Each structure stands twice: as structure tokens, then as C-alpha cells.
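Undergrad: Listed here are the chains, written in short residue letters.
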Amino acid sequence: LQPRRGIRLSAPAAIQVTVRDALNQALDEELERDERVFLLGEEVAQYDGAYKISRGLWKKYGDKRVIDTPISEMGFTGIAVGAAMVWLRPVCEFMTFNFSMQAIDQVINSAAKTCYMSAGSIGVPIVFRGPNGASAGVAAQHSQCFAAWYGHCPGLKVVSPWSSEDAKGLLKASIRDDNPVVMLENELLYGVPFEMSEQAQSKDFIVPIGKAKIEKEGTHVTLVSHSRPVGHCLEAAAVLAKEGIECEVINLRSIRPMDIETVEASVVKTNHLVTVEGGWPQFGVGAEICARIMEGPAFNYLDAPAVRVTGADVPMPYAKILEDNCIPQVKDIIFAVKKTLNI
Amino acid sequence: MRKMLLAALSRVLQGPAGATVAAAGRTASRVMVASRNYADFASEATFEIKKCDLHRLEEGPSTTAVMTRDEGLHYYKTMQTIRRMELKSDQLYKQKIIRGFCHLYDGQEACCVGLEAAIKPTDHVITAYRAHGFTYARGVPVREILAELTGRKGGCVKGKGGSMHMYTKNFYGGNGIVGAQVPLGAGIALACKYFGKNEICLTLYGDGAANQGQIFETYNMAALWKLPCIFICENNRYGMGTSVERAAASTDYYKRGDFIPGLRVDGMDVLCVREAAKFAAEHCRSGKGPILMELQTYRYHGHSMSDPGISYRTREEIQEVRSKSDPITLLKDRMVNNNLASIEELKEIDVAVRKEIEEAAQFATTDPEPPLEELGNHIYFNEPPFEVRGPNQWIRYKSVS
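First to last, the sequence lines map onto chains A and B. Counted the way the UniProt record's numbering counts, the first sequence spans residues 1 to 343. Counted the way the UniProt record's numbering counts, the second sequence spans residues 1 to 401.
Please keep in mind that the hints were generated in silico from the structure rather than gathered at the bench. All values reported here derive from a predicted model rather than from experimental measurement. Treat the hints loosely; a few may be bogus.
Stated by the list, open to error - Taking beta-carbon pairs under 7 Å as the criterion, some of the chain A residues facing chain B (in silico):
hint: 1; residue: 110
hint: 2; residue: 117
hint: 3; residue: 153
hint: 4; residue: 155
hint: 5; residue: 295
hint: 6; residue: 297
Stated by the list, open to error - One side only, chain B facing chain A, incomplete, derived with CB under 8 Å:
hint: 7; residue: 158
hint: 8; residue: 160
hint: 9; residue: 223
hint: 10; residue: 372
hint: 11; residue: 375
hint: 12; residue: 379
Just so it is clear, CB atoms sit at the ideal spot from N, CA and C, and this is done for glycine as well.
With the sequences and hints as input, model every part of the structure.
TA: Shown next as C-alpha cells:
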């Protein structure tokens with residue numbers, strides 16, 4: 001169910017805001033609120049951001065707070081982590097998370113582990129953010145999803161917003177968190193408008209890290225997802241509703257810590273589980289959800305094995321027909337639901 | 001008169017870890033009878049030190065250094081403490097009381113002591129894994145260093161870090177990944193500049209790490225943004241088993257910063273290191289941006305305790321450095337020959353140091369290991385308590401910050 005522009009029946013004073021604008025607002029508000037917050041990355045300042053997320057911020061805050069870096073991921077990520085160890089609060093942008101692989105040692109070994117190794121004497125209040133996962137036609141080296149990679153590591157927090165409310169609230173929460181947070185955005189969502197309530201528009205609106213949101217309630221099957229596929233789940237749910245199948249759609253919002261309790265409560269109610277993600281299947285987010293469901297009370301309430309819908313287990317091809325069949329589509333979700341319901 | 005002299009001597013014999021006044025008093029009285037009076041020593045002396053090789057610099061550090069008696073005794077005691085602490089670590093490792101990696105600093109003492117003498121406690125230091133000397137120089141007591149090596153709860157980071165991950169105020173380790181500490185150090189320097197408190201960051205790495213790509217990325221950004229960062233290459237001639245000639249197309253490490261001015265310094269002379277570091281610190285504090293120092297030094301031990309250190313270099317070479325360039329011997333000769341101290345006095349310091357190390361080792365071998373509950377703690381900073389999974393789903397640990 002894609003939110004549409006124009007007149008809607010909605011709460012008073014709610015407005016349509018794109019994910020891009022929501023992120024921009026979050027950065028603006030946090031830069032204003034705390035002078036230790038600063039943004040660095042490639043093209044974030046004078047270019048207004050490769051994807052225009054930081055539009056207008058360099059003009060407003062200047063060179064000290066919004067810093068253009070050379071193309072040196074390992075170097076500038078390490079510099080950002082070092083600055084965080086002395087209690088600056090950097091927001092380190094990766095133009096896409098594919099490039100974070102060059103800097104991943106600094107994210108894991110320098111940022112994630114330092115609080116533990118120092119027995120809690122050094123905190124690293126840094127946010128790593130940028131677009132993650134598949135885009136459109138950018139091929140294998142620019143389409144990887146890193147949710148499982150970063151979600152694997154203790155010491156990190158990992159969040160994955162879907163809606164504008166998610167994006168703004170999670171970015172603000174991440175910046176205010178005293179720990180390293182990886183925020184996995186999605187390029188294809190940047191231009192998508194979502195309704196933002198009056199409450200969500202406030203300068204202190206936070207979405208707590210580690211809590212999932214039930215986007216749509218249902219009784220027959222639980223659909224769990226994160227990022228863009230949440231939208232696909234809602235579309236699938238709308239189609240299935242016409243056939244009398246009521247899906248409960250859960251937006252994970254956080255990969256680590258993961259709110260498995262919300263998923264468990266839902267499975268206890270619906271007795272069926274389908275996980276949906278853009279990343280590869282092996283060792284993925286869905287695999288983790290299934291393992292945890294097996295270990296918990298919800299296992300006894302499953303009437304059928306849980307099913308995973310994921311990206312295809314190949315590097316991303318370029319040709320449109322191939323690419324389209326490498327990402328989970330609405331039809332794939334519908335098929336999986338019917339399989340698990342044995343329809 | 002006697003009381004005054006005793007008091008003066010006991011002040012001198014106290015170091016960062018603090019010997020008891022009573023003990024110092026007893027030793028002081030023995031010294032008093034056996035040797036010259038306090039009033040016989042010079043209060044300071046001036047020394048000629050080696051000229052530094054310069055890169056993109058018109059002038060370098062001074063070629064003379066003034067050292068007071070107090071400074072000399074302090075440098076001597078600190079270097080001797082580090083020396084004996086490292087040798088004790090060697091012993092404990094061979095007894096299997098220290099496990100894992102253990103990279104010893106003996107031979108390189110003049111580097112950390114000279115650097116610390118040139119900077120303020122409010123400045124920042126970050127280095128790699130050969131870090132025990134810096135950890136001590138930055139203020140962590142020997143007993144907490146040894147207890148960290150033996151993995152006890154009295155260790156400076158409660159046994160969570162070990163040899164390569166020791167921290168204290170304004171000292172950021174202790175880093176295990178070769179070269180990764182260099183961008184971190186530049187980031188600390190960025191924060192120094194950001195906060196505007198005239199602090200600088202000493203960012204150390206070895207001759208092996210000097211070939212890491214991230215270091216060159218860091219040179220570029222530090223110079224571009226004029227970060228108050230002193231890059232310091234401790235060149236001990238070998239990156240593990242690989243000599244500098246086999247690893248680097250250019251072994252002029254002080255020039256490898258290209259557009260960054262550089263100094264090559266005799267790292268076995270504590271005064272040379274101190275004067276060069278003072279010069280470099282002034283350069284950074286005046287807003288000129290980063291500077292690079294190469295300290296030519298030597299490690300007596302192998303790369304780590306797993307490396308005997310003689311397959312890639314000769315015993316003769318090691319022996320030659322020990323006899324001709326040992327930093328502690330160099331300082332001792334200078335002090336004695338210039339009437340800054342007596343041999344007996346320095347021997348008394350040796351005795352006090354050995355005692356301190358023994359007591360610290362005793363603590364490090366008897367202090368209990370951290371409680372199992374510690375396993376889950378400190379995952380996050382400033383976080384409400386939560387549960388952490390153990391080796392199976394039924395084993396849970398509480399995690400507090």
C-alpha cells in the first residue's frame with residue numbers, strides 16, 4: 001500500500017514528507033541541538049550530498065560541522081571513530097554501504113569493540129549511515145545488503161528504517177545514542193513520501209532503537225520485514241486481504257538489537273511466519289529470525305515451518321528482467337504466504 | 001641537616017607508583033653513609049645531542065639539551081621500570097601465566113619516556129600493540145599493567161583487554177590491527193582542533209605499519225585539514241621477521257609523509273627524542289598542521305614472545321646495540337659523567353624498581369580472575385542493563401555498562 005499524494009483521511013496536521021526530507025530534518029535538528037555533532041563523508045558539504053540528504057546543511061553550519069572528505073573510506077572512517085573516542089558525535093556517511101567494506105575494520109575493530117576492550121571506559125558515539133542494498137540497475141558491486149554482516153557483531157547497533165517516520169526518528173535516536181550505530185537506508189525510498197503525524201514532526205521525536213512496529217494487524221500469518229520490502233509486504237497483504245487472508249505486517253526497524261518478542265507474540269497469534277528481506281538467504285536476517293523463533297515459546301504455536309523470502313543467491317545482474325527476478329517481489333511474498341498456509 | 005637531606009633523597013626515590021617514604025628513608029640513610037652529599041651534585045647539565053635529519057623543514061630541533069638532575073633521575077627510573085617490567089613479563093609468559101600475544105618494548109624505552117617528557121598530560125597518545133611502555137608512561141601503575149597481562153580483575157581494564165588493549169585517560173591503547181590506530185589518532189587530533197583547547201595527539205606506528213594504505217590516506221587528510229597530529233614512526237628495523245630493506249621501497253620513513261614535514265631522530269637517546277618532540281609539538285600547536293617523526297630505535301626481544309628474534313637478525317647485532325646504544329646505559333653514563341648522580345644512587349633506584357616489579361608481579365599472580373558475570377558487561381556505553389546470549393540459548397549473561 002503505497003502512500004499517495006493528495007487529500008487523504010488522516011490525523012489532523014499530518015503531512016506528506018519524503019524519506020530524504022525526513023533524514024535532512026533529523027540531521028538539521030541534531031546539528032542544531034548539540035554542537036558536538038558533525039557530518040563527514042564524500043560530497044556531503046558543497047555538493048549537498050550525493051543523494052541530497054544533506055542539502056542546505058553546509059550552507060547553514062559551515063566547514064567545521066559538515067566536512068567533505070577525499071575518497072578514502074578507511075582513512076576517514078578511522079578519523080571519525082577517533083573523533084568519537086574523544087566525545088565528538090560524528091555522523092559518518094558512506095556513499096553506499098558497498099564502500100563501507102573498505103572501512104569495515106574501523107567499524108568493527110575500532111568502533112564496535114572498543115567499549116568492551118576498555119571495560120567501559122571509552123565510548124564511541126558514532127553513526128555510520130548511507131544507502132544499503134539493491135538500487136536499480138547499478139549491478140553487482142553496488143547492490144549488496146549489509147544487514148547480516150553488521151547485525152552479526154556485538155557492540156554495534158544496527159537500524160533499518162522504512163518510512164519517513166522511521167528514518168527521522170531512528171536517525172535522531174542513533175545520533176543521541178552513545179554507541180556506534182549503523183543505519184541502513186535505502187536509495188529507492190529516498191524519494192517516497194510518507195505521512196508524518198504531528199508528533200513525528202516535533203524536534204524531539206525519537207523512534208527507540210530495538211523496538212519493532214506492527215504496521216498492519218492480522219490473524220492468519222505474520223510477515224516480518226525491514227526496509228523497502230516492508231512496503232512490498234503491505235502490498236501483498238492488500239492483495240491477500242481480498243482473498244480473505246489477513247496478514248500481520250511487522251516492520252523490524254532494528255536489526256540489532258532485534259525485537260524478537262514482537263515477532264513471537266505475533267506468531268503465537270497467527271501460527272504462521274514468513275520473513276522478507278532484500279539480502280542474500282544464507283546467514284541472513286530471516287535465518288536469524290527463524291532460529292530464534294525455534295528457540296522460543298512461539299515454536300509450539302507454528303502450524304507450519306517458517307518460510308524465508310530473500311534476494312536471489314547470486315551477485316546482482318544488470319539487465320532489468322534479471323534484476324527484477326533477483327529481489328523479492330510482491331508475487332513472491334504472496335506465493336510464500338499461500339505455501340505456508342497450505343493454500 | 002640530616003633530616004633535610006633524607007627528605008630530599010626520599011622525594012627523589014619516589015616515582016609514579018610511589019615507594020613508601022619509610023623504605024626510601026632507610027635506603028636513603030644507607031646511601032648517605034656510602035657516598036657523596038646531595039650538595040655535591042650539579043643541579044643540571046647541558047648535553048650535545050645528535051642533529052636530526054630534516055624533510056621540508058628549514059630548521060630542526062636544538063642540538064643541545066639541558067637536563068636537570070631531577071629530570072634525569074625521573075627518566076632513569078621510568079626507563080628502568082619499563083625495562084624490568086618487560087623482562088618480568090617475559091618471565092611470566094614463559095611460565096604460561098601470561099597468554100596470547102605479548103609484544104615487549106625493552107630497548108625502546110627512550111621513545112616513550114622522551115615523548116612523554118615533551119608533552120602535557122592533557123595531550124593525547126595512541127599507539128599499536130607494543131604498548132606497555134606507553135601505558136606506564138601515561139600513568140597506569142605497573143601492578144595494573146601486569147595484572148592485565150595475567151588477565152585478573154585488578155588489571156587496568158579488568159582483564160577484558162589484555163596486552164594489546166590497555167587504556168587510561170588520554171591514552172587510547174593498545175590497538176591490535178596494524179595501522180588502524182593512525183586514522184584514529186588523526187581523528188583524535190581533529191577533535192582537539194574542534195574543541196580548540198590547544199591539545200595535540202601523538203599517533204604512533206612501526207616501520208611495518210608504515211606501508212599501510214590507510215596511513216597515506218590519513219597523511220592526506222591531516223595535511224589538508226591541518227590537524228594537530230604528530231605522526232611518529234618507531235622504526236626498530238624489523239616488521240616482525242621482515243627487515244625494513246625487504247619491506248619498503250623507501251626506508252626514509254620520515255620522508256614518507258611527502259608533503260608533511262619530517263624529522264629523523266635518534267630514538268635511543270631520551271634527550272634527542274624529547275627535544276624533537278618538543279619541536280614537533282610546537283609545530284602542531286602553532287596551527288601549522290601535522291608533522292612526522294621517525295624514531296630510530298631497536299627492540300631486544302623478538303616481535304612477540306612467540307618469536308625468538310634470531311632467525312632474521314644475528315645475536316651479534318643485538319649484542320652490539322645493547323653494548324653501544326642501550327638507552328638506559330646512555331643516560332646513566334651521561335648522569336654520572338656530568339655529576340648529576342652517583343653510581344650508588346642509581347643502583348639504589350634499581351633496587352627500588354626491582355622491588356616494585358616483584359610486588360606488582362606478586363599482585364598480578366595472586367589477584368583473582370574477573371568474575372564470570374563480567375563476561376557480558378561493557379558491550380554498550382551508558383545503556384540500561386540487558387541480556388547477552390552465551391554458548392547456548394539457556395546461558396544468559398547480564399550486560400551492564
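Undergrad: Against this structure, judge whether each hint is valid.
TA: Tested hints:
Restraint check, residue 110 of chain A versus chain B: the minimum CB separation of about 6 Å is within 7 Å; hint holds. With a cut of 7 Å, the hint placing residue 117 of chain A at the interface with chain B holds, because the nearest CB-to-CB distance is about 4 Å. At its closest, the beta carbon of residue 153 of chain A sits 10 Å from a beta carbon of chain B; the interface hint therefore is violated under the 7 Å criterion. A least Cβ separation of about 6 Å between residue 155 of chain A and chain B falls short of the 7 Å threshold, and the interface hint therefore holds.
The restraint placing residue 295 of chain A at the interface with chain B holds, with a minimum CB-CB distance near 5 Å, inside the 7 Å limit. The closest approach between the C-beta of residue 297 of chain A and any C-beta of chain B is roughly 12 Å, which is over the 7 Å cut-off, so the hint fails. Given hint, residue 158 of chain B at the interface with chain A, holds; its Cβ is 4 Å from that chain's nearest Cβ, closer than 8 Å. Nearest Cβ of chain A to the Cβ of residue 160 of chain B: about 5 Å, under the 8 Å cut. The hint holds.
Because the smallest distance between the Cβ of residue 223 of chain B and any Cβ of chain A comes to about 11 Å, over 8 Å, the interface hint for this residue is violated. With a cut of 8 Å, the hint placing residue 372 of chain B at the interface with chain A is violated, because the nearest CB-to-CB distance is about 15 Å. Interface restraint check for residue 375 of chain B: the shortest CB-CB distance to chain A comes to about 10 Å, outside 8 Å, so the restraint is violated. This hint holds: residue 379 of chain B has a C-beta 6 Å from the nearest C-beta of chain A, less than the 8 Å allowed.
In this structure, the hints that do not hold are numbers 3, 6, 9, 10 and 11, in rising order.
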